[in-house]
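J.: Okay, here's what each chain looks like letter by letter:
Number of protein chains: 2
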Amino acid sequence: MLEYAETDPALPGNHFHRVEDQLRTELLLRQYELLRHADRTILLLIAGIDGVGKGSTINQLNEWLDPRHIHTLAFDRPTPEERRRPPMWRYWNALPPKGHIGLIFGSWYSPLLLDAYQDRLSASRLAREAQTIRRFEDMLIAENVLVVKFWYHMSRHAQQARCQQMLADPDTAWRVSEADLRVVRHYDDIRHGAVRVLQATQNANAPWHVIPSADPHHRIVATARLLRDALVNPLPPKPSLPAPQPHPDQLSALDYRQTITKADYEAQLPHWQGRLSRAVRRPSFAKRSLVLVFEGDDAAGKGGTIRRIAHALDVRQYHIMPVSAPNDVERSHPYLWRFWRNVPPRGRIGIFDRSWYGRVLIERVEQLTSPSDWERAYTEIKDFEHEWVAHGAILLKFWLAITQREQLKRFHAREKSPFKSFKLTPDDWRNRELNPQYRAAASEMLERTHTESAPWHVIATDDKRLARVTVLRTIAEALEGRLGEG
Amino acid sequence: MLEYAETDPALPGNHFHRVEDQLRTELLLRQYELLRHADRTILLLIAGIDGVGKGSTINQLNEWLDPRHIHTLAFDRPTPEERRRPPMWRYWNALPPKGHIGLIFGSWYSPLLLDAYQDRLSASRLAREAQTIRRFEDMLIAENVLVVKFWYHMSRHAQQARCQQMLADPDTAWRVSEADLRVVRHYDDIRHGAVRVLQATQNANAPWHVIPSADPHHRIVATARLLRDALVNPLPPKPSLPAPQPHPDQLSALDYRQTITKADYEAQLPHWQGRLSRAVRRPSFAKRSLVLVFEGDDAAGKGGTIRRIAHALDVRQYHIMPVSAPNDVERSHPYLWRFWRNVPPRGRIGIFDRSWYGRVLIERVEQLTSPSDWERAYTEIKDFEHEWVAHGAILLKFWLAITQREQLKRFHAREKSPFKSFKLTPDDWRNRELNPQYRAAASEMLERTHTESAPWHVIATDDKRLARVTVLRTIAEALEGRLGEG
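Residue numbers (this note's numbering), protein chains in the order written: chain A, 1 to 486; chain B, 1 to 486.
The hints are simulated quantities; they were obtained by calculation from the structure and are not laboratory data. Don't take every hint at face value.
The list treats identical chains as interchangeable, and a pair is accepted whether it falls inside one copy or across any two copies.
Derived pair list, reagent style SDA-like, types lysine to any residue, alpha-carbon separation capped at 20 Å [said to hold, decoys possible]:
1) K262 with D171
2) K262 with V323
3) K98 with V329
4) K98 with P322
5) K423 with R228
6) K287 with R182
7) K420 with Y335
8) K98 with A478
9) K238 with R308
10) K262 with L2
11) K409 with W337
12) K287 with E363
13) K98 with T7
14) K423 with V323
15) K98 with A325
16) K423 with R30
17) K98 with D171
18) K409 with T425
19) K409 with V323
20) K416 with H17
21) K287 with P78
22) K262 with V329
23) K420 with T25
24) K409 with D264
25) K287 with T259
26) K287 with E81
27) K98 with P326
28) K464 with D115
29) K420 with R228
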């Protein structure tokens, strides 16, 4: 796939000057359209062997386009903060909003390429990581974040000549880096590694474009033309929907009648709070993190349960994220963006009062999201959770369930309380009427997103106290089991 | 100032239950008003000796208020990322928007208090740091970020009894931390240190409130009442304006006729790019950072100059921030917020294409900001720049100046270019008409914000090439001078 680029094609100067004006005008016009419609983000991956002008391309794109709406995102080795999260975190964190263009230098391909160059990449690992990347890119694309992957390339001879020419002049010698010279010495190994990675990560929705780079005019014109197309091509079609499946109703099967005495509660609550508190102070927790997700019926006691957990923790160690409708900035990013940014790093505890599951609950029931969009969320959410668990997170998900009768009682009690009536909104009554739809969505979600590494715990909460003790015990035991003695 | 708290006053249980309902109702009502008006941010500093229930207070405030609009911001020792910026950076970074309440645990007082406890805080350092903190808090308050400082306190006897009681029961013993026990052992030293810091940092606009904390009811009621007041008190009055002063017109005095030959330019540009490139690769640069600010007339060549600088740098090392009107999120924070978040950490280079000086240029001339607000900006900006310079930043500010005649020529050339005409907006023509006002604002700014540690360089740009070489030479020489040989 690199053969054509290695013929080092050039664009005659007069031809370049003929097309330059039109291309720049078109690009700018379309960039402003992108900004106005704000229906997509464009990510350009600027990859390729070293010493072929990737930095100059970035500079030139910033000149040809309006740089105020371009984000140049250059990633080097991960910082300590970045290492406390999964590798993809830094890309999520930096993702530009819709209407903007991101130029990514040092993308998610960099670690893979480096290992491939040094012949440390087994075929099975390459296949596995290519699969992860494909799912990540497909998800971005489904969320209208278009991924355009450029591989800048030239022949060994041209790369060598370019370095030598620059080294000969003291005013340009500083442009030649260690990495450029490594390419001169190990061109074949690097080329071979690159071909393996590019072939394994071809993706019809996000293909690699190989850009011949020996001639700067050819390089920028080829880049600009592909960017122009990305700016106007129709958005990729939505995947088709699978046939609906019946899902068992776990929530009706639950035993809501169990209770605990007040005396037992007052003994057990501090006991499990103590166990939790001691568990997260173990030295081995520094390499793990704890992610608690709370979903469930209105008035099932999420807030009160979360406060009992927080009470056992040092305020410097945990963060509670209350989740409601996304704000404008969040809405101009993929729905998982705000959660990626808020999952806690190693050594910390994140408590989600509602969560990313809103996608397949409220957004589904209230028809805020199309069926093809929430349908793919089951898989996307499992991928997302898997990345954090693989990085050391202990992820526990709680569904707090309440009977309709008990919920009504609590709504009435709230109405009567001067400071709780604020918490009862017309939406709560409306959601109550939509209970069958919510229950069906919850049942499907509980079944399709229950995994061994990120299990759902369904808790009956008609007895609030029993529910609190049960949640605390579940968390403490899970931590003790997974942290070991350390 | 701690004597009353050390009498450990208590609120009788029946009195508490009488006031609780009304207080919670009032707080919630006013929190929703705050959210609706969104005219201020409330920052509650939760400070005090250890083991007096600060964590419980935070928990309780999250219960009494709507936690979706409360940000619990708990700071521990600085992370490596935080240490790459000045100490205040992490508070800026986390500042909640208007309409929201921030609970700060581990505030900017923590390092000072720790040193005071251990008798490592000289009177002169305390006076100096108190002054810095006062200016910081005054600036926040002028930007409608109200700072309410709570000191939770109880007698030695009560603190000791509380610890012993908890230690006696295995279910509560885990609540007693090392820090709590240190207070028991060193109560007098800690008390003495706290009094020194509190007295030195009293501020009429942000006074310390000492909250007796031996009785939990007393503690939460006192906290809630002060918070209620902060939610409704009128915003602090704006400072009065100093009498206007004449400022010399540096821009007319500039020599705009100097030129450079094309041959000289083509020799000198790569020479200074090389010097710059080598300077930022010196090992000693890892402890410094480079901040470049570009302001100036329209069409004076800021973009072209910045691209020549970027061309000398590794794309992973620099970041260009193009500054235009703030977005909604930025507008709901103090004007310096977006800049604090974007100044580069140690080892990096930040290039500002327009900057925080918009406050005293466009915002002043276009009357987007009241005179008392832009007037105080001269001092605030110097404080801001000083903090970064004191932390190792090399900060250079460039004003690119052009004659009216040359500007008109460039405007006409832009009109004719198919891809440059986009850059010429009706605003550019309007700004040209406002040139006398802009020039007066610029002259005052250049005089009042030129400091030894963050100097202005005023550059004539009628000859674009000469201007580029001059800017590059200035940067390279400044770096070489300050980095030394290392």
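J.: Each hint needs a verdict: does it hold in this structure or not?
T.: Verification of the hints:
no. : hint           : in the structure
1   : K262 with D171 : between (81 Å within a copy, 16 Å between copies)
2   : K262 with V323 : neither (32 Å within a copy, 60 Å between copies)
3   : K98 with V329  : both (9 Å within a copy, 16 Å between copies)
4   : K98 with P322  : between (24 Å within a copy, 18 Å between copies)
5   : K423 with R228 : between (50 Å within a copy, 19 Å between copies)
6   : K287 with R182 : neither (35 Å within a copy, 28 Å between copies)
7   : K420 with Y335 : neither (31 Å within a copy, 37 Å between copies)
8   : K98 with A478  : neither (40 Å within a copy, 39 Å between copies)
9   : K238 with R308 : neither (43 Å within a copy, 43 Å between copies)
10  : K262 with L2   : neither (73 Å within a copy, 39 Å between copies)
11  : K409 with W337 : neither (37 Å within a copy, 46 Å between copies)
12  : K287 with E363 : neither (35 Å within a copy, 48 Å between copies)
13  : K98 with T7    : neither (38 Å within a copy, 59 Å between copies)
14  : K423 with V323 : within (15 Å within a copy, 41 Å between copies)
15  : K98 with A325  : both (18 Å within a copy, 18 Å between copies)
16  : K423 with R30  : between (47 Å within a copy, 14 Å between copies)
17  : K98 with D171  : neither (41 Å within a copy, 52 Å between copies)
18  : K409 with T425 : within (15 Å within a copy, 62 Å between copies)
19  : K409 with V323 : neither (25 Å within a copy, 54 Å between copies)
20  : K416 with H17  : between (77 Å within a copy, 16 Å between copies)
21  : K287 with P78  : both (17 Å within a copy, 18 Å between copies)
22  : K262 with V329 : neither (46 Å within a copy, 47 Å between copies)
23  : K420 with T25  : between (59 Å within a copy, 8 Å between copies)
24  : K409 with D264 : neither (24 Å within a copy, 86 Å between copies)
25  : K287 with T259 : neither (37 Å within a copy, 61 Å between copies)
26  : K287 with E81  : both (13 Å within a copy, 18 Å between copies)
27  : K98 with P326  : both (15 Å within a copy, 17 Å between copies)
28  : K464 with D115 : neither (53 Å within a copy, 45 Å between copies)
29  : K420 with R228 : between (55 Å within a copy, 17 Å between copies)
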